[in-house]
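Trainee: Position chain S relative to chain A; hints supplied.
Heads up: the protein sequence lines correspond to chains A and S, in order. Take the first sequence: its position 84, counting from 1, is numbered 91 in the working numbering, and each next residue is one higher. Take the second sequence: its position 38, counting from 1, is numbered 72 in the working numbering, and each next residue is one higher.
Please note that a few of the clues may not be correct.
[To be verified] Below 25 Å or equal to it, Euclidean Cα-Cα: the simulated PhoX-like pairs (lysine-lysine) are:
#: 1; chain 1: S; residue 1: K91; chain 2: S; residue 2: K45
#: 2; chain 1: A; residue 1: K77; chain 2: A; residue 2: K109
#: 3; chain 1: A; residue 1: K10; chain 2: A; residue 2: K77
#: 4; chain 1: A; residue 1: K121; chain 2: A; residue 2: K23
#: 5; chain 1: S; residue 1: K91; chain 2: A; residue 2: K10
#: 6; chain 1: S; residue 1: K91; chain 2: A; residue 2: K109
#: 7; chain 1: A; residue 1: K45; chain 2: A; residue 2: K23
#: 8; chain 1: A; residue 1: K109; chain 2: A; residue 2: K10
#: 9; chain 1: A; residue 1: K109; chain 2: S; residue 2: K48
[Said to hold, decoys possible] Covered stretches of chain A, as calculated for chain S (at least 3 residues, CB under 8 Å):
#: 10; region: 22–35
#: 11; region: 51–64
Derived from the structure by calculation, the hints contain no laboratory data. Even glycine gets a Cβ: it sits at the ideal position worked out from N, Cα and C.
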Amino acid sequence: AQKVTQAQTEISVVEKEDVTLDCVYETRDTTYYLFWYKQPPSGELVFLIRRNSFDEQNEISGRYSWNFQKSTSSFNFTITASQVVDSAVYFCALSEDTGGFKTIFGAGTRLFVKA
Amino acid sequence: DTGVSQDPRHKITKRGQNVTFRCDPISEHNRLYWYRQTLGQGPEFLTYFQNEAQLEKSRLLSDRFSAERPKGSFSTLEIQRTEQGDSAMYLCASSLIGVGPNYGYTFGSGTRLTVV
Chain A
8 AQKVTQAQTE ISVVEKEDVT LDCVYETRDT TYYLFWYKQP PSGELVFLIR
58 RNSFDEQNEI SGRYSWNFQK STSSFNFTIT ASQVVDSAVY FCALSEDTGG
108 FKTIFGAGTR LFVKA
Chain S
35 DTGVSQDPRH KITKRGQNVT FRCDPISEHN RLYWYRQTLG QGPEFLTYFQ
85 NEAQLEKSRL LSDRFSAERP KGSFSTLEIQ RTEQGDSAMY LCASSLIGVG
135 PNYGYTFGSG TRLTVV
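Looking at chain A on its own, in the form it has when it is part of the complex (with noise of 0.2 Å):
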């Protein structure tokens, strides 16, 4: 059975912070999908970012960076010099189909950043 775990339920930085937001998964499958999506106090749920399991490069875009490791099967999420545009929900999520379907969130971590 498929399952993510998002241990952080809260974490509070100081804005140029750099924060990581854990996330450890698990699946039987040997394919399958890694995903990130923000979700800010508007409500809408954002995608960030998707990686395959067959891909272990780390992405990094901008302030953000995702370092995937199949050996502890965690995907984790830093925000690098963290602002106050920055407060969200994240969550993590699994999908052992290519289009993504049926799709399993974690419960989410949400991000405090103070000016």
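Mentor: Okay, now just chain S, sitting in the frame of chain A:
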């Protein structure tokens, strides 16, 4: 394209009433999904369509829930005989099928249902 649209944004209904929500996906997307999100939780999968075919339904989707996607365009989610436990945010998302790093869901703003 303006993204995924959901209507209404909020719905308050009395227990036992029927409600229907509408979702208009991104027109180029061939998959449409319904999820439900309760406070403090991540979204939970309900059902999905590929074009007009409903291909999978979660066990969360009781007989009181039905979804349609006529002609593979917009979709409706109907809840009959609503119960207080149905109170949640109902999210619609659409996507293309692909393996690239940019293939993810585009979510709508959701319909918040309150059953009183």
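Trainee: Each hint needs a verdict: does it hold in this structure or not?
Mentor: These are the hints, each one checked on the structure:
1. Between K91 of chain S and K45 of chain S the CA atoms are separated by roughly 23 Å; this keeps the pair inside 25 Å, and the hint holds.
2. The straight-line distance between the Cα atoms of K77 of chain A and K109 of chain A is roughly 21 Å, inside the 25 Å bound, and the hint therefore holds.
3. Using a Cα cut-off of 25 Å, the hinted pair K10 of chain A and K77 of chain A holds, with the two alpha carbons roughly 15 Å apart.
4. Taking the CA atoms of K121 of chain A and K23 of chain A, the gap is about 9 Å. The hint holds against a cut of 25 Å.
5. Between K91 of chain S and K10 of chain A the alpha-carbon distance is near 18 Å, which keeps this suggested pair within the 25 Å criterion.
6. Using a Cα cut-off of 25 Å, the hinted pair K91 of chain S and K109 of chain A holds, with the two alpha carbons roughly 9 Å apart.
7. Of the pairs offered as hints, the one joining K45 of chain A and K23 of chain A holds, with about 19 Å between alpha carbons and a cut-off of 25 Å not exceeded.
8. Distance check on the hinted pair: K109 of chain A and K10 of chain A sit about 12 Å apart at the alpha-carbon level, within 25 Å; holds.
9. The suggested pairing of K109 of chain A with K48 of chain S is violated, with an alpha-carbon distance near 30 Å, which exceeds 25 Å.
10. Taking a C-beta to C-beta cut-off of 8 Å, the region 22–35 of chain A contributes 0 residues in contact with chain S, too few for the three needed, and the coverage statement is violated.
11. Note: the region 51–64 of chain A has 9 residues with beta-carbon separation from chain S under 8 Å; the three-residue rule is met and the coverage holds.
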